[in-house]
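Adding 32 to a residue's 1-based position in the sequence shown gives its number in the working numbering.
Simulated from the structure, these hints should not be mistaken for lab results. Among the hints, a few may not be true.
What the hints assert, rightly or not - When the alpha-carbon atoms are kept at most 25 Å apart in a straight line, the in silico DSS-like pairs for lysine-lysine are as follows:
| # | residue 1 | residue 2 |
| --- | --- | --- |
| 1 | Lys84 | Lys154 |
| 2 | Lys285 | Lys103 |
| 3 | Lys111 | Lys285 |
| 4 | Lys92 | Lys111 |
| 5 | Lys103 | Lys154 |
| 6 | Lys92 | Lys154 |
| 7 | Lys103 | Lys84 |
| 8 | Lys285 | Lys84 |
| 9 | Lys294 | Lys111 |
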Amino acid sequence: MLERLKQIPLWLKLIMLATQGLFLFAVVVTLYGFYSDKTRHQAYDQATQQQKLYREAITKLGDFRGVCTLKRIKTDPSKELTQLCESAELQLVEALESLDYPAYEIEQILSVEGQYFEVFLKKTAYSEQLLTQLFQIYRDSGVQLEENILSYTSGRTIFIHLPDLIEKLGVVRGITGLSNSGLVSRNNLYIAEGRVTEILINTRNTLEAFEQANASSSPSELLLDFEIIEQHIVEHFERLDRYRFMELRDPTKDYDLDLFLKATEIIDQIQTLYDDTEATYAGLLAVEQNSSIRHLLFSLICNCSVTFNTDVPIYVTSHSPD
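Using the sequences and the hints given, assemble the complete structure.
See the structure below:
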């Protein structure tokens with residue numbers, strides 16, 4: 033066998049060495065690409081888990097800020113309002129503890145020392161900090177650099193648009209009672225409504241881009257569900273305007289609490305859309321990861337086939353005496 037190898041022409045030996053080298057290079061490149069994809073998906077998965085915690089904290093902070101502000105401005109708050117405030121405080125503490133917030137910071141967030149609107153603005157500032165931290169997670173994870181348009185648009189919706197919409201609609205919900213009681217200017221409510229409208233436009237643009245890139249014969253219901261939420265928000269803003277002109281009111285009914293609960297129903301709808309979009313995003317990532325695994329196996333099989341199944345003939349020359 034060794035003698036046969038020695039008789040192989042030099043040019044053929046070089047071709048064989050080059051083929052083996054190309055094979056090893058292809059394997060290294062394929063494995064590097066695979067592990068890069070794996071690392072990227074692990075970062076996405078970790079970011080997705082983190083954003084769930086932040087979304088929960090933002091939502092619970094908005095609940096606490098709104099219902100407990102409403103309770104404070106009432107001369108004689110109802111039992112229902114008091115219970116809602118107590119429940120919102122407990123749920124907020126649980127959400128902040130899940131983010132490993134220290135006890136002293138949680139106490140600061142829960143503090144209600146100060147004037148009504150001043151306290152409300154402090155709570156809003158804490159919520160904006162949570163949104164900023166969530167955006168940092170989004171940016172650092174690389175989700176915003178995703179090239180797949182479906183993953184990019186659904187990811188941006190759950191990391192950016194919907195948490196922001198939950199927070200800004202929560203501001204409208206919380207400031208309504210202050211505005212109706214004359215504790216803040218009506219302009220503050222209009223400004224808050226304008227911010228919600230701006231987020232609705234951005235969310236619609238992103239979801240429309242998702243639908244346009246969706247190659248499925250049956251479009252997803254994400255945009256349809258969003259349009260229903262959008263309509264409900266518009267109707268709620270109209271309801272807030274009508275409230276100003278109500279001359280006869282039932283003195284036994286808490287209209288501010290009723291408006292608060294109606295806005296909460298819309299936020300719950302946003303939460304449902306959030307869960308559906310998140311499930312879509314997770315499914316897209318799973319498909320991409322499976323595709324990477326199939327690509328790895330296919331590349332390795334093809335490289336092995338090219339390297340070890342070559343049909344290049346080996347010519348062995350022999351010299352016979354004249």
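Problem set entry | Unmet hints by their number, sorted upward, for this structure | 7, 8
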